[in-house]
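Protein chains in written order, with my numbering: chain V, 212 to 325; chain E, 12 to 119.
It is possible that part of the hints are untrue.
Below, a list of computed lysine-lysine pairs in the DSSO-like style, where the Cα atoms sit at most 27 Å apart [what the hints assert, rightly or not]:
#1 252/V to 79/E
#2 64/E to 255/V
#3 251/V to 79/E
#4 251/V to 64/E
#5 278/V to 79/E
#6 255/V to 66/E
#7 66/E to 233/V
These are calculated hints, taken from the structure and not from any lab test.
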Amino acid sequence: DTAVSQTPKYLVTQMGNDKSIKCEQNLGHDTMYWYKQDSKKFLKIMFSYNNKELIINETVPNRFSPKSPDKAHLNLHINSLELGDSAVYFCASSPGTSFTDTQYFGPGTRLTVL
Amino acid sequence: KNEVEQSPQNLTAQEGEFITINCSYSVGISALHWLQQHPGGGIVSLFMLSSGKKKHGRLIATINIQEKHSSLHITASHPRDSAVYICAVRSTGNQFYFGTGTSLTVIP
């Protein structure tokens, strides 16, 4: 059983398009995260939700909007994609709140904007 | 200057060697994480520390809050330990900072 899954694994799209990445966890965790890893492999946290409530919202363009329909899902919607959005996006979950517990990562979604 | 600095940036070791990766940070923290990113890209959370020391198998993580420093040690290193190791902190001001990673290669 996959603990944290993301779809799609690869996403290639044109500048200006709108796209979504989905994340699901079957661990019963209360907290989910989105991370971005850029072309230089630098990792940074973008958002975190705890029980469907946004608790971390780092400095991210408002073209990025997370949506949590329930505590097992955290989707990332990106509007008006730009070249600089090309990166690998990782979803993660943890039992506790906000970076205080071991996190379980999804396999990543490689987004390429042409 | 990054709030989290790791050293070394790159490390090559012979199988069986004892390895130390260092993480220094400049902010007050409430939690520090060590992450491992495999060559295939997958990320595993190794440790979460707020004080003291933790051990899991051949890996040991320590933190000195006063000196703002953490170390990750690998005993009896093995080629499967080859990965990028990333240090990340949550500051007491609820900001999040990540190191640029230490790339470890263990040669058989």
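A quick look at each hint next to the structure:
1. 252/V to 79/E: 24 Å, holds
2. 64/E to 255/V: Distance ~25 Å between residue 64/E and residue 255/V Cα, so the pair holds.
3. 251/V to 79/E: 26 Å, holds
4. 251/V to 64/E: Answer violated: residue 251/V to residue 64/E is near 31 Å, above 27 Å.
5. 278/V to 79/E: 36 Å, violated
6. 255/V to 66/E: 26 Å, holds
7. 66/E to 233/V: 34 Å, violated
Consistency with the previously given hints fails for numbers 4, 5 and 7, ordered from lowest to highest.
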